[in-house]
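Model the full assembly from the supplied sequences, consistent with the hints where possible.
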Amino acid sequence: MAILKQELTPAVIARLKGIDLKARLVVEGFLSGLHRSPYKGFSVEFAEYRQYMPGDELKRVDWRVFGRTDRFFVREYEEETNLRAYLVVDASGSMRYANGGYTKLDYARWLGASLAYLLNRQKDSTGLVIFSDRIERYIPPRATSYHLRVIWRELERVKPGGETDVSTSLHELAERIKRRGLVIVISDLWDDADRVINALRHFRARKHELLVFHLFHPDERLLDFRSPLIFRDLETRQEVAVDPRLIQRQYQVGFDRRCERFRRSCAEGRIDYQLLNVTVPFDQALLVYLEHRRRLG
Amino acid sequence: MRFFAPGFLWLMSLALIPVIIHLLSRLRLKRQEFPSLLLLQAVSRERFSWVRLKEILLLVIRTLILLLIPLGLSRPYLSLGNSRLSKIQQALVLLDDSYSLGYGQRWQKAIAVARQITQGSIKPLLILASEPESVFLGQSVVNSLLDTLQPSSLATPLTRVLIRAESIVRAQNLPIFLITDLQKNSLPDSDYFLRIPNLNVIFVGSTNFDNAGISRVYRHNSVIRAEVNNYSEKTVARTVRLVLEGHSAEQTISIPPHSYTVVDFALPLNQPGIYTGKVELSFDSLFADNVRYFVFEVLPRITVPIFASTEPSGRYLEMALSADSQFVKTVIMNTNRLRSIDLRSYRLVIIGDVGALSPTDFDRLGFYLNSNGAAIFCLSDVKTGAVLARHLKFDSLVQTAGFVSPNDVDTAHPIFEIFQRSHLSTVRVFKYVRIAGGKPLLRLSDGHPLIVEIPEENLIVWTFSPQPEYSDIVFKAVFAPLLHRTVTYLARIQERSEYTVGDSVVITLPTARPVILSTPAGERTVSPVVDQQRAVVKITDTRIPGIYQLSNGEKRAIAINPLPAEGNLVPISVHWLRANGIRVQTDLADAGTEVTLPLFYWAGLLLAVEMIILGAEFYRKMPVRR
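So the sequences go chain by chain: A and B. Residue numbering for the first sequence is 7 to 303, as defined by the numbering used here. Residue numbering for the second sequence is 615 to 1240, as defined by the numbering used here.
Since the hints were derived computationally from the structure, they do not count as laboratory data. Check the hints yourself; a few may be wrong.
[Unchecked claim] Interface residues of chain B toward chain A, partial, derived using beta-carbon atoms under 8 Å:
(1) Leu641
(2) Phe648
(3) Pro649
(4) Ser650
(5) Leu651
(6) Leu653
(7) Leu654
(8) Asp1024
(9) Leu1164
(10) Asn1166
(11) Lys1169
Keep in mind that this is a model prediction, so the values were computed, not measured. Even for Gly, the Cβ is constructed at its ideal location relative to N, Cα and C.
Structural data, given as structure tokens:
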């Protein structure tokens, strides 16, 4: 399994068939590597007994122990929560970018599927939102395994297209989700930075927990092209003729500055922000999620 | 604007190449899909102005370079076109094409003026100073000549062309236009000008110039010596470079005004053989006198027989030459042996006491001298009235009252160039033979020659015998160097190795077989002709300076150089000419100026700007990795 885990790069995952298989392999491979992990108990596992306290539900009393010891003890399971998680996946045209075998959207769907699987294992309710310039699909959160398959199927079906209007879609979503929950945004955030930050803060204002996975392809960061080119925007189809070698330095500085701005603004708004290179395995993203989940208790 | 070489103008169409490449490169750009242009546009907007400006700048620079170079090659000149010169109906144009016209813009001015005068004429007449026999007639002939003409390497005096012009205008009554730099050295007696009718002088020179030139290159002991003249009125700095058989050396010198500086290059030529090379001067405007070619012959050790009937005369000669044993091997023989040995196997012979020779010996020596031999004759008691080799007549033996000393020495002669009069004035001569004929090199205080040269026979005659009873010179310090220089001079003057441009050169060869002649213009085979039982090659086309070499088993070479005096650009007084009624035009502002050089300067400047831009771009395009 450890070997399997080492081989589970996005490029390898891309060659597997079926999103359910991909999600399972990613998550199982990931979890099997967590030896002596602080994250134990993220399954339906018995944790400990404690003495009954007034107010505890009677159904949680372990009657067998009462029969043996004549005392009331309550069984506790660490995984038991009331978390409602929303996977918010960007399916705009810019997510179609691929300089290899798979697109940024592919990476987003595999990450979403894996997170859904992980959430479902914990019996958390998981919903799915797919958006581009508007909300394309909204599946409310549920914790059943049937629901997990629905999410997987939706993720498998999703196709890129349309312009990104991250801020408008997120504002709309923030208004739509009534009950507090965990919102996991998987997007390349190609929109006006101020508006995106405002939209993310909107979720916080509605008391939601927020985890942002900012996806990027190395080409987007390095602009490492060796000859003058006409660049065509995947969303707007606009074109611009540029010699990348002449602006490479300024572009890289600009990109890093933009990411740093997201990071700082998210930190100020107590939003977990993670910049994710789409060529690296999913472990980093899953660890970030687990860390976030642990804090939620 | 007119052009001297309009044939190059079509090359200006090459300027379209960068424009086409620019357009094609725009069309050939590949398309690359990119997630968002949000950041890319913001960054490229910042850089846009510079990138666009750079592209346009490079396009303009490249186009301009490709316009300027063909334009420069077509040699444009600017002319107002309404000058008095362009309205002349018929005239005889005399063009001074001596090499001094190559200084600065003189030649371009001269050509521009010649064009203006001839363009207005129906049947223009043009004569070049270097070829006064040829008259170029007609518009197309004159135009094509002016298109290709360059200053010659000659230092032609203007006398011949003026005589020729005078004979033409006397019959046709045409005005003469002499286009010249009025160089003092090339002009005839100034009064001659005044006699030529209808003479108009167009002065293309100036009194202000800074020219230096190499006037002489020669061997002096173990160094090669070059004399560099500064003809101008201010101190000039020049770099002098010696190039000799693949080796080179250079020195930078400063020469005071109207003076010369001697530059020594210590490059000993140890091995026997013929060495060819040149001495060059850098950073000087007049090219022709900046290079001087030379040929030096290092002789193998030679055997010199000394014929003497008495022991002392031969002994002093042998002792004096023993100091030179590296170069000369001496053999003392009795005069009687002259009849039994073949003198032609020796390059040089010394006759210690000519008084002991018989008439037959004189005949044999005369034949030997006619066969390229050389000799030093030391006269002892010779028979009065004897004639040697048609040129020299012995008179009588003179016994002086006490002694006489030399007091007149030809220090310009190669034998005596290291001596001063004081070196020789202490020599006492007690007895000598009076002779008539030859060229005296050293005279006694009584006016009679002590040493005489017969150049036609390669013969140096000492009118005394090297014995104490004739002179105490054998005890003096000058004796050994005098004998040494006489021997080396005679051994070397077998062939002259330096000539002036335009000279006819006659070279004697051992056989009449065809030989290959290499000249700066190329190689060709020449067949010697037999003249007076000698095979000779006559080279007449020596208009280009350089090394001319004959290969026929052994190497024979001569150096052809321009006359150094032409480098002195001092003109005669324009005021004097005007005062004597000659029309002299000096203001050539309307005659036109060739603008070739500024065009090339601009092209060079633009090229430098392009290099800077490309260098900066290369630096910017260096890959950045994070």
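For which of the previously enumerated hints does the structure constitute a violation, in increasing order of number? 1, 8, 9, 10, 11
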